[in-house]
Each structure stands twice: as structure tokens, then as C-alpha cells.
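**Student:** Chain by chain, the residues:
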Amino acid sequence: MSATQTAPLITGGKTAAQVTRDVCQPLEHGPTIYWWIGFVPASTALLVGIIAVTYQISTGIGTWGLNRTVGWAFDITNFVFWVGIGHAGTLISAVLLLMRQKWRTSINRSAEAMTIFAVICAGLFPLIHMGRPWLAQWVFPYPNTRGPLWVNFRSPLLWDVFAIGTYFTISLVFWYIGLVPDLATLRDRANGLRKKLFGWFSLGWDGSARTWSRYEVCCVLLAALATPLVVSVHSVVSADFATAILPGWHATLFPPYFVIGAVFSGFAMVLTLMIIARTVMHFEDYITKRHILAMCKILVFTGSVVGAAYVTELFMAWYSASPNEQFVFANRVMGPMGWAYGIMVFCNVITPQLLWIRKVRNSILLVFIISILVNVGMWFERFVIIVASLERDFLPSSWSSYAPTSIEIATLVGSFGLFFTAFLLFCRFLPMIAISEIKSVLPGHETDAGASAEAEKAEVAA
Amino acid sequence: MTRRDYAVFDQEPELLAAIRECKDLELRIIDAWLPYPVHGIDELIGIRPTRLPWVTMAGGVTGVALALWFQYWSTGISWPLNVGGKPFDSLPAFVPITFEMLILVAGLATAFALFARSSMWPGRSKRIIDSRITDDRFVIAVSRQDAAVPDARVEEIWERHGAVDSWSEVAQ
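Heads up: the protein sequence lines correspond to chains A and B, in order.
With the first letter of the first sequence counted as 1, position 332 gets the number 332 in this note's numbering; the numbers rise by one all the way through.
With the first letter of the second sequence counted as 1, position 83 gets the number 83 in this note's numbering; the numbers rise by one all the way through.
FYI, nobody ran anything at the bench for these hints, they're computed from the structure.
What you are looking at is a predicted structure, and each value in this text was computed from that prediction instead of being measured.
Careful: at least some of the hints might be erroneous.
Chain B is faced by these chain A residues, among others (derived, beta-carbon under 8 Å) [stated by the list, open to error]: (1) Gly12; (2) Gly13; (3) Lys14; (4) Phe153; (5) Val173; (6) Phe201; (7) Gly204; (8) Pro404.
Coverage of chain B stretches by chain A, computed from C-beta distances (three or more under 8 Å per stretch; other residues unrestricted) [as the list claims (entries may be wrong)]: (9) 52-58; (10) 92-104.
Quick list of simulated restraints, FRET-style, between CB atoms [unchecked claim]: (11) Phe315/A - Gly40/B: 50 to 56 Å; (12) Leu66/B - Leu127/A: 46 to 52 Å; (13) Ile61/A - Gly84/B: 24 to 30 Å; (14) Arg48/B - Pro41/A: 52 to 58 Å; (15) Asn144/A - Asn82/B: 19 to 25 Å; (16) Leu135/A - Gly40/B: 54 to 60 Å; (17) Arg153/B - His282/A: 45 to 51 Å; (18) Ser363/A - Leu91/B: 52 to 58 Å; (19) Asp165/B - Ser43/A: 29 to 35 Å.
We treat Cβ as the ideally placed atom computed from N, Cα and C, and that holds for glycine.
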């Protein structure tokens with residue numbers, strides 16, 4: 001562990017100028033073959049999704065496999081899954097900033113971008129589920145000719161509109177503010193149209209010490225706001241379930257259980273993306289073993305908490321002495337969707353524990369596989385909570401089952417397409433590593449004024 | 001007549017040492033331009049702590065007030081609807097949206113205050129002194145009265161601390 005802590009954050013003995021060059025280089029040259037290998041399938045998947053969504057909007061959501069008993073299934077699963085993915089980005093950019101974890105600097109930019117794209121993917125599902133997405137503006141309380149008829153502020157679904165809307169806006173603002181100094185770097189290296197574009201978006205940044213001083217305070221303030229926000233967002237998402245009368249959906253455990261699950265899945269997705277990025281974009285010196293090990297630790301911790309939450313759920317069901325609740329959980333584990341419960345436990349509880357083994361966490365390939373398994377597991381967690389609870393109603397005569405239609409699967413594939421297409425475009429056109437932040441953690445630059453004064457004295461003495 | 005002296009450095013410790021020496025000579029440091037935030041430079045060149053947290057606070061209070069008022073007004077006064085027999089003034093149910101509005105208004109207020117106070121807006125022409133400031137160069141500007149410190153003394157400071165470039169201009 002001590003070896004992890006003392007290993008340099010950035011390897012290769014980079015100077016500030018080298019950092020600028022390394023990060024800007026992929027943006028100033030044509031895409032590599034690896035980029036195309038990623039982009040072609042991603043955009044194809046996106047196209048499949050667009051076709052599926054167009055078809056289901058023009059036909060109606062009867063194209064889904066829902067029935068009277070299982071009225072919520074794939075789209076809400078995907079919604080909760082994608083919102084959860086976003087949470088790690090905020091955690092890395094905000095919570096780790098407040099805790100002064102310097103290792104975040106290599107990955108915070110792309111993790112924040114991941115948040116934004118994941119929230120876009122998430123937001124699409126409720127929009128599609130409306131059936132009439134052209135009336136989507138009805139979710140906002142604006143003066144209208146229908147009374148004015150206001151939205152229902154007591155409904156968790158409306159809380160969700162505000163929570164997701166705020167989350168998206170604040171994440172975008174935080175990400176953009178972080179980008180401004182780096183856009184100025186790009187502006188000062190570019191010519192022609194690129195110079196104009198970067199110049200426009202870098203807001204005339206001049207690197208003045210006064211601006212930097214305010215800028216840093218602004219980032220800390222936004223981080224302090226984003227930290228409780230991220231906790232509130234998934235708590236509100238869990239409240240969508242908690243207002244239902246279904247056993248197992250209104251447990252007190254739900255908000256923390258959802259939040260930690262979100263962080264867990266989000267970190268797994270960050271690991272997946274970072275391992276791809278460091279290999280494809282040749283950022284091995286910036287996204288080092290130390291970063292991967294740090295994220296592995298978080299994965300083990302959050303995975304263990306998620307495991308504890310599963311056990312607590314089962315225990316509370318038994319301890320409640322409520323036959324309905326006991327039945328729901330027995331059905332979840334041993335009922336027709338028991339296979340999905342098995343996948344969930346295997347992927348979320350068992351596989352991350354392998355990271356305790358040094359050989360496993362030192363192998364990039366194994367960490368990559370585990371990170372993907374965790375994402376699969378977390379998708380199934382939401383699927384189990386939703387479908388396995390709904391399919392066995394209070395009334396056995398209305399018991400039913402659910403299977404997704406090809407349209408629903410195509411929509412899920414399309415959301416992955418959208419996510420990866422957006423992420424790959426981001427890698428091509430914006431600096432995916434925070435240049436100015438990396439420079440401030442380079443060895444030799446890590447000193448404050450007092451320490452450098454001492455260093456200077458020592459130099460004079462020598 | 002006031003003169004402005006500019007010096008360009010390529011190392012952070014050299015920049016800080018030069019700034020300290022200028023301070024000892026009681027030269028006024030106008031500003032420094034940096035590729036990344038250098039810690040401790042605020043106190044050295046006398047930048048007062050920003051008042052941005054007050055803007056955040058004001059934004060938060062505004063957000064809470066607006067959200068509470070609007071939720072009460074729309075559900076209790078404008079069109080009172082009986083939803084599941086819940087009271088019109090169902091404060092606990094208003095808490096999540098009030099909280100989200102606190103964060104939203106406070107966050108946006110902070111961001112826009114930063115842009116306004118630092119004169120940052122889209123399309124603003126850049127005022128950058130050296131195009132390598134956003135790469136790896138540090139620039140400082142000091143102002144002095146002609147008689148107070150001779151040119152040679154200032155140039156000597158720059159040279160001793162390894163300035164890679166320096167120039168002076170006469171300010172009106």
C-alpha cells in the first residue's frame with residue numbers, strides 16, 4: 001500500500017510543456033485507427049437506437065413487452081442504471097477535490113464528461129416513456145393555458161425532474177468551468193477556425209493570478225454544492241419506488257442503497273473507460289497504475305457496502321414478519337427471475353472481492369473484466385428490483401412475466417451507442433485530461449510558496 | 001512618470017523568488033499570469049480573498065425562498081388540488097425540490113459571478129501577454145516610479161532569477 005502512495009502520480013518525468021503537448025496532440029492530428037475501431041460500432045449502435053426510438057414513438061409504447069402486472073421494466077432499469085453511472089464522475093470531480101485527493105487530476109475531466117453523457121442517456125428514457133415526448137414540457141411548472149394547471153410538487157417523479165435537471169446543469173457548468181483554462185491553451189496553439197472556436201469558448205482567459213484565485217474558490221464552491229447534490233439525486237430516484245405500495249420498494253434502506261450502488265457502478269464505468277483511454281490514446285504516463293489501484297480500492301469498498309445492503313434487505317424482509325415482504329424476497333432469490341438475482345450477486349458481491357488479491361488488481365486485463373462485470377451486475381440489480389418485484393402481484397390471478405421486445409433491447413443498445421459515440425467525440429475534440437491541473441501536481445511544482453522559499457534557501461546554501 | 005516592467009519566467013520557484021525581491025524593494029506588483037494556480041502567490045502579490053462565497057450564499061437563499069414560495073403558491077393558492085387527501089401546505093414533500101433549487105441557483109450564481117467579476121464572456125478578445133502563459137510560462141508585471149528604483153536594478157533582478165524575457169513600457 002505504501003508503494004502505491006509513494007508512486008508518482010504522473011510518470012515519465014514530464015515538464016509542463018510536455019504535458020501540454022501530450023494532451024493536445026491527439027486533438028491536433030487525425031483520428032487513430034483505434035479511435036475508428038471504437039467509433040464505428042458505437043455510432044452504428046446509436047443508429048440502431050435512433051431507428052428503434054423513432055419506431056416506438058411513431059407506433060406507441062405498445063411496442064414494449066410491458067403488461068398490466070409488469071408496468072415498469074426496461075426503460076426505468078436503463079434510466080436508473082445510467083443515472084448511477086454518472087455519479088462517479090461527480091464523486092471524482094467534487095468529493096475528491098474537497099478531500100484534496102491529487103490523483104483525481106488525471107481522470108476528473110473524462111469522468112465529468114462521462115457524467116454528462118450518462119445523464120443525457122438517462123434522461124432519454126423517461127422522455128421516451130412519456131409516449132408523447134412532444135409534450136415533455138408539461139413536466140415543468142410554467143404558466144399555461146390549461147388553468148394554469150401546475151405540476152404536482154408532492155410527486156417523486158416531479159422531484160426527479162428537478163433533481164436530474166439540476167444535476168445535469170451543475171455538472172455541465174462544473175465541467176465547462178474546468179475546461180476554460182485548457183480551451184485557452186488550445187486556443188494559443190491553434191490557427192484559423194479552431195483558434196476562433198476555442199477563443200470564443202475560452203472566454204478571453206488570460207491566466208491572471210487574480211482570475212486563478214477566484215477560479216479556484218469557484219471550483220471548491222461548486223464541488224461543495226455538487227457533493228450533497230449527488231447524494232440527493234439517487235435518493236430521489238429511489239423515492240420514485242418508495243411511494244409505491246409494493247413490498248421491498250419502500251424500505252428505509254433505499255436511498256443509501258441506491259446512492260452507494262450508483263457510486264459503485266459509476267466507478268466501474270470510469271475504470272472501463274480509463275483503461276480503454278490510456279491504451280487507445282497512449283496516456284499510460286497520465287493514467288498510471290496508481291490511479292487504477294486507487295479506483296480498485298473504491299470498487300472493493302463500495303462493492304462490499306452493496307453486498308451488505310443486499311444482506312440487510314433480506315434480513316429486514318425476514319425480520320419484518322410481514323408475509324408479503326418475505327414472499328417478495330423469497331421470490332426475488334428463488335422465483336422465476338432467480339437467475340437474474342444470481343447474476344447480480346455474482347457480479348456485484350463476489351467479483352469485486354477478487355480485487356483484494358494483489359495479482360488481480362495489478363493485471364489491467366482482469367481489472368477491466370471485473371469493471372465490465374460490475375456494470376452488468378448493477379444493470380441486473382435494477383432489473384431484479386423492478387421486474388422481480390412486479391411480476392408477483394398481491395393477487396395470484398394477475399401474476400405475469402416479462403420479456404423485453406427487440407425494440408427495447410435495441411433502445412438499450414442505442415443508449416450505449418449514444419454514450420460511447422459522445423465519449424469518443426469528446427476524446428477527439430476536447431482535452432480529455434485537465435492540462436492545468438496536471439501541471440500543478442507535477443513533481444517540483446507541488447510546493448507552496450513557503451516550501452519553495454525553503455528549497456531556494458537550500459539551493460543558495462549549497 | 002510610472003513605468004511597467006514585465007518579466008517572463010519558465011520556473012515557478014524563480015518567479016516566486018523574483019516576486020519576493022520586488023516586494024522587498026516596495027515595487028507594486030500589478031498582476032502575475034500563470035499556466036496553473038500557484039499556491040501562496042495570492043498573499044505574495046496581495047490578492048484579497050474573493051467574496052464569491054457570499055454570492056453562493058445569496059444564490060442559495062434566493063433558491064430556497066423562490067422554491068418554497070412557488071410550491072406553496074401553486075399548490076395552495078393558485079389552484080388548490082386535493083392529491084390523495086394530503087394537506088395543501090405539505091412542507092415535507094416540498095423539501096426535495098427546495099433543496100434542488102438551492103443547489104441550482106447557488107451554483108449558477110457562483111459561476112456567473114466568476115464570469116462577471118473576471119470579465120469572462122464568449123468572444124472576448126484575449127488579452128494574453130505571452131501565448132506561452134497557457135503552456136509553461138509565468139509572467140509578472142510590476143509598476144514603479146522612475147526615480148524610486150533604477151532600470152538597471154530591476155533588470156538585474158530579472159537576470160539573477162533567470163527571466164527568459166523582459167521589457168518595460170511607460171504607463172500613462
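**Student:** Would you check whether Gly13/A satisfies its interface hint, that is, whether its CB is within less than 8 Å of any CB in chain B?
**Tutor:** 15 Å, violated
**Student:** Is the hint on Gly204/A kept, meaning its closest Cβ partner in chain B is under 8 Å away?
**Tutor:** 3 Å, holds
**Student:** Is 24 to 30 Å respected by the C-beta to C-beta distance linking Ile61/A and Gly84/B?
**Tutor:** Holds - the Cβ-Cβ distance for Ile61/A and Gly84/B, about 26 Å, lies within 24 to 30 Å.
**Student:** For the hint on Val173/A, just tell me whether its beta-carbon gets within less than 8 Å of chain B.
**Tutor:** 5 Å, holds
**Student:** Can the hint on Pro404/A be confirmed by a CB-to-CB distance to chain B that is less than 8 Å?
**Tutor:** Since the shortest Cβ distance to chain B is 31 Å, the answer is violated.
**Student:** Are three or more residues of the segment 92-104 of chain B within 8 Å, CB to CB, of chain A?
**Tutor:** With 9 residues close enough to chain A, the hint holds.
**Student:** Between Leu135/A and Gly40/B, does the C-beta distance stay in 54 to 60 Å?
**Tutor:** 56 Å, holds
**Student:** Go ahead and decide if the range 46 to 52 Å is satisfied by the Cβ distance of Leu66/B to Leu127/A.
**Tutor:** 26 Å, violated
**Student:** Given a hinted range of 45 to 51 Å, is it respected by the beta-carbon distance of Arg153/B and His282/A?
**Tutor:** Because 49 Å falls inside the window, the suggested range holds.
**Student:** A closest beta-carbon separation below 8 Å is what the hint needs, so does Gly12/A meet it against chain B?
**Tutor:** 16 Å, violated
**Student:** Does Lys14/A pass the interface check with chain B, least Cβ-Cβ distance below 8 Å?
**Tutor:** 11 Å, violated
**Student:** Can you verify the interface hint for Phe201/A: is its Cβ closer than 8 Å to any Cβ in chain B?
**Tutor:** Since chain B brings a Cβ to about 7 Å from Phe201/A, closer than 8 Å, the hint holds.
The structure fails hints 1, 2, 3, 8, 12, 19 (numbered hints given earlier, in ascending order).
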